[in-house]
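Engineer: Here are the chains, one letter per residue:
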Amino acid sequence: MTKTKKRAVIMAALLAVFLLFAVFGRALAPNDPYKTDLLHSLEGPSARFPFGTDNLGRCILSRVLEGASASIFSALAVTAAVFAFGTAVGILAGYLGGAADQLLMKLTMIFQAFPGFILAVAVAGMLGPGLVNAMISLGLVYWTTYARLARSLVLRLRQEPYIQAARLCGAKKRHILARHILPAVLPSMVVTAFLEVGNVILSMAGLSFLGLGVQAPQAEWGQMISYGRSFLQRGPWCILFPSLALFAAVILFNLTGDCVRDALDVGGGE
Amino acid sequence: MLKVENLSASYGGGEAVRGVSLSVEPGQIVGIVGESGSGKSTLLSCIMGLLGDRGRILGGDILFEGRSLLSMGREERRQMRGKELAMVFQDPELSFDPLWTIGKTLYESIRVHGPVTKKEARKRGISLLSSLELKDPEMLLDSYPSQLSGGMCQRAAIAAAIVCGPRLLLADEPTSALDVTVQKQVIDTMMGLRERLGTAILIVSHNMGVIARMADMVGVMKDGELVEWGEKKQVLYSPSHEYTKALIAAVPRMDGRLPHGGFYG
Amino acid sequence: MDEIILEVKNLKKSFRGPGGGGKRLTAVDGVSFSVKRGECLGLIGESGSGKTTTAYMAAGLLAPDSGEISFYGTHLQMIFQDPKRALDPRRKVADSIGEGLLYHRGKLSRRQVRERALEAMDMVRLDRAYAGRYGRELSGGECQRATIARAVMIRPELLICDEPTSALDVSVQAKIIGLLDELKHSLGLSYLFISHDIALVSGFCDRVAVMRGGRIVEMGETADVLSRPREEYTKVLLDSVLTL
Numbered sequence: 035m036t037k038t039k040k041r042a043v044i045m046a047a048l049l050a051v052f053l054l055f056a057v058f059g060r061a062l063a064p065n066d067p068y069k070t071d072l073l074h075s076l077e078g079p080s081a082r083f084p085f086g087t088d089n090l091g092r093c094i095l096s097r098v099l100e101g102a103s104a105s106i107f108s109a110l111a112v113t114a115a116v117f118a119f120g121t122a123v124g125i126l127a128g129y130l131g132g133a134a135d136q137l138l139m140k141l142t143m144i145f146q147a148f149p150g151f152i153l154a155v156a157v158a159g160m161l162g163p164g165l166v167n168a169m170i171s172l173g174l175v176y177w178t179t180y181a182r183l184a185r186s187l188v189l190r191l192r193q194e195p196y197i198q199a200a201r202l203c204g205a206k207k208r209h210i211l212a213r214h215i216l217p218a219v220l221p222s223m224v225v226t227a228f229l230e231v232g233n234v235i236l237s238m239a240g241l242s243f244l245g246l247g248v249q250a251p252q253a254e255w256g257q258m259i260s261y262g263r264s265f266l267q268r269g270p271w272c273i274l275f276p277s278l279a280l281f282a283a284v285i286l287f288n289l290t291g292d293c294v295r296d297a298l299d300v301g302g303g304e
Numbered sequence: 290m291l292k293v294e295n296l297s298a299s300y301g302g303g304e305a306v307r308g309v310s311l312s313v314e315p316g317q318i319v320g321i322v323g324e325s326g327s328g329k330s331t332l333l334s335c336i337m338g339l340l341g342d343r344g345r346i347l348g349g350d351i352l353f354e355g356r357s358l359l360s361m362g363r364e365e366r367r368q369m370r371g372k373e374l375a376m377v378f379q380d381p382e383l384s385f386d387p388l389w390t391i392g393k394t395l396y397e398s399i400r401v402h403g404p405v406t407k408k409e410a411r412k413r414g415i416s417l418l419s420s421l422e423l424k425d426p427e428m429l430l431d432s433y434p435s436q437l438s439g440g441m442c443q444r445a446a447i448a449a450a451i452v453c454g455p456r457l458l459l460a461d462e463p464t465s466a467l468d469v470t471v472q473k474q475v476i477d478t479m480m481g482l483r484e485r486l487g488t489a490i491l492i493v494s495h496n497m498g499v500i501a502r503m504a505d506m507v508g509v510m511k512d513g514e515l516v517e518w519g520e521k522k523q524v525l526y527s528p529s530h531e532y533t534k535a536l537i538a539a540v541p542r543m544d545g546r547l548p549h550g551g552f553y554g
Numbered sequence: 009m010d011e012i013i014l015e016v017k018n019l020k021k022s023f024r025g026p027g028g029g030g031k032r033l034t035a036v037d038g039v040s041f042s043v044k045r046g047e048c049l050g051l052i053g054e055s056g057s058g059k060t061t062t063a064y065m066a067a068g069l070l071a072p073d074s075g076e077i078s079f080y081g082t083h084l085q086m087i088f089q090d091p092k093r094a095l096d097p098r099r100k101v102a103d104s105i106g107e108g109l110l111y112h113r114g115k116l117s118r119r120q121v122r123e124r125a126l127e128a129m130d131m132v133r134l135d136r137a138y139a140g141r142y143g144r145e146l147s148g149g150e151c152q153r154a155t156i157a158r159a160v161m162i163r164p165e166l167l168i169c170d171e172p173t174s175a176l177d178v179s180v181q182a183k184i185i186g187l188l189d190e191l192k193h194s195l196g197l198s199y200l201f202i203s204h205d206i207a208l209v210s211g212f213c214d215r216v217a218v219m220r221g222g223r224i225v226e227m228g229e230t231a232d233v234l235s236r237p238r239e240e241y242t243k244v245l246l247d248s249v250l251t252l
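Line by line, the protein sequences give chains F, Y and S.
Take 35 as the starting number for the first sequence in my numbering and just add one per residue.
Take 290 as the starting number for the second sequence in my numbering and just add one per residue.
Take 9 as the starting number for the third sequence in my numbering and just add one per residue.
Calculated directly from the structure, the hints in this document are not laboratory data.
Here the structure is a predicted model, which is why all the values come from computation and not from measurement.
Accuracy of the hints is not assured; some may be wrong.
[What the hints assert, rightly or not] Listed below are the simulated DSBU-like cross-link pairs for lysine-lysine, each with C-alpha atoms no more than 35 Å apart in a straight line:
id	chain 1	residue 1	chain 2	residue 2
1	S	K100	F	K206
2	S	K115	Y	K534
3	S	K243	F	K207
4	F	K40	S	K92
[As the list claims (entries may be wrong)] Covered stretches of chain S, going by a simulated chain F footprint (3 or more residues, C-beta under 8 Å):
id	region
5	94–104
6	120–133
7	211–221
[As the list claims (entries may be wrong)] Residues of chain F placed beyond 12 Å of chain S at every Cβ, according to the derived structure:
id	residue
8	S186
9	I197
10	L274
Glycine residues also receive a C-beta, built at the ideal position from the N, C-alpha and C atoms.
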């Protein structure tokens, strides 16, 4: 096994462990993440509360575990949706060209004219707070990346002699898309998706931090960080541990993305 | 003047040059032909000291006027480049800085080997370009590489290579990126160089026609080895090695017959 | 022999100039010629003369701005300059070759298509052992054999070759040209053969057209044009030929 492949396997394993934590967060939690206990308000890390407690005496570790699914799976769902939608739109626009292509380019230009996160904040603000609305607003921001990338890849590919040869063999547009273009475009798109998950996780936490995403009392990392700000002096662990979890998630997805890129390059390039 | 003795070198993992020996006399044009992967470009890189990280010299020696190039220090080697031996490449546009005019390139080439004023450099440039029979040298000096045609650019690259008066010019496929009519002009420029300045040339090409037109001595390389070496007349018109014979038979002629591809396989 | 298989009349094509300005560059400027059945017509010229654009239009891969293209056969195929890019690097060689028949297979099963692909590999002398390899694992000459195999799968009457050997070594070139010449006789193919190599054209083509600046400046029997050129440009071109 090559070095890159070995590294990819290790990263994938780490990521899988992380995702398992997210799936079984609630079951693994030592305490009820929503149970308030004012007798233990703002306690530091101890055997009973390994990450300490917040001002209402809720166990931070339990809340970090509970919040993992909201933070990670919402980001994964957004990424999967924009990946599928953006790639499909980009490939079609690139291959069909003409008016469809013009329309798409103008549309993405409008979306990209706004700083991404500001646009998400504005949309989420209009739709009203809530997890689903936050996901919709992030989707609106992120799909253009995939559409533009897929389009540019297709524009380069359609000039390739092997695509021309397929046309001469009598291949219809759908044959060429399915047999030649999609397999050539997908690896780059998957790598991009992996590298973008970290960004989406951060943006999602950011929206929650601003009060536009997950609403209290439901546990979510961004929302926990925002909530913990008030007791930064007396209970820094309220912010430290959700931040660490967020940090670990983003780093893990980015490193895995790098590995996937290396692995796919080895298989699909020279 | 240049003597390569039993040289072996690796490049990118494999042994690209195996035990090659050849020599270039002053004022001589030596042509090396070979197909892709024959090691001919690696050979030139060894002589020029441009092997880089991917290649390594495994054995043998390269003597330039009696001095071993391989045992020279870095600085000594650098001093020699441009002044004693120079090189032109296949793609002329890549050997120029796109943001420098040809005149600036010439000035910088002279300056690395000793102090010179811009005015002096320009004068030398103009006389050099006109001795290479390039039209309108003034305008050429003020042009950027991207403004020149491929052939003009390659001839300017030759001028930049020889501006410090090297006695040996190495040329790696100098005409392969050019159209046939332009190819001829570049060949004429190089031949004129030898005639007027007595510059010796070691040219590497896959194009037998170019070698046949230019060279006095011809070497044939295959899989890193020099399989045949001798006078042009002998190598190209009465070859002794089987590979040379096959290679020559495969060259298309103007005789209305198909080139000979040997037995199919 | 005098039956015409391909006829083009007054083809014109211009492209948008670099930088997106309003300036258009004329690539092909009124080209007319015809190819007879069983004939090989050579199209020679230097880079930028419009010969590749003409080939793409004749193949139907590029729409001309104006002019007429009439193809009187059922199938035509094209061989490209860069053999490595003419095979999908992600597909196995036999699949790429089989594509030639895939969309015209009628009642043939996929398995039968594969069998025909293997037969085509025999015809172009590409070892059947390569069937399961990927396009990117083949040498340039092997790739070109594979693209020729793909092209002859549906028994085309006309093969348009755009510099089919320019990217290959001379010894490989000689073999590929030998193969094309053999197929000409065994399959009764006609050729439109684009090349910058006049010596190569002299041996392979029955008639030759010299292109410059998007126009055909001289056309005639190969032997006539090359031995008694009438146009000044043809003479310059012939003068610059370097061969042994």
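Engineer: For every hint, state whether the structure bears it out.
Structural biologist: Hint by hint, here is what the structure shows:
As the CA atoms of K100 of chain S and K206 of chain F are separated by approximately 20 Å, the hinted pair is consistent with the 35 Å bound. With a CA separation close to 50 Å, the supplied pair K115 of chain S and K534 of chain Y exceeds the 35 Å bound. The straight-line distance between the Cα atoms of K243 of chain S and K207 of chain F is roughly 46 Å, outside the 35 Å bound, and the hint therefore fails. With a C-alpha separation of about 30 Å, the suggested pairing of K40 of chain F with K92 of chain S holds against the 35 Å cut-off.
For the region 94–104 of chain S, the assignment as covered by chain F holds, since 7 residues bring a beta-carbon within under 8 Å of that chain's beta-carbons and 3 suffice. With 0 residues having a beta carbon nearer than 8 Å to a beta carbon of chain F, the region 120–133 of chain S misses the requirement of three or more and the stated coverage is violated. Counting residues of the region 211–221 of chain S whose beta-carbon sits less than 8 Å from any beta-carbon of chain F gives 0, not enough to reach three: the coverage restraint is violated. With a minimum CB-CB distance of about 16 Å to chain S, S186 of chain F clears the 12 Å threshold, and the non-interface call stands.
Here I197 of chain F does not stay apart from chain S, with its beta-carbon only about 8 Å from theirs, under the 12 Å limit. Residue-level check passed: L274 of chain F sits 47 Å from the nearest beta carbon of chain S, beyond 12 Å.
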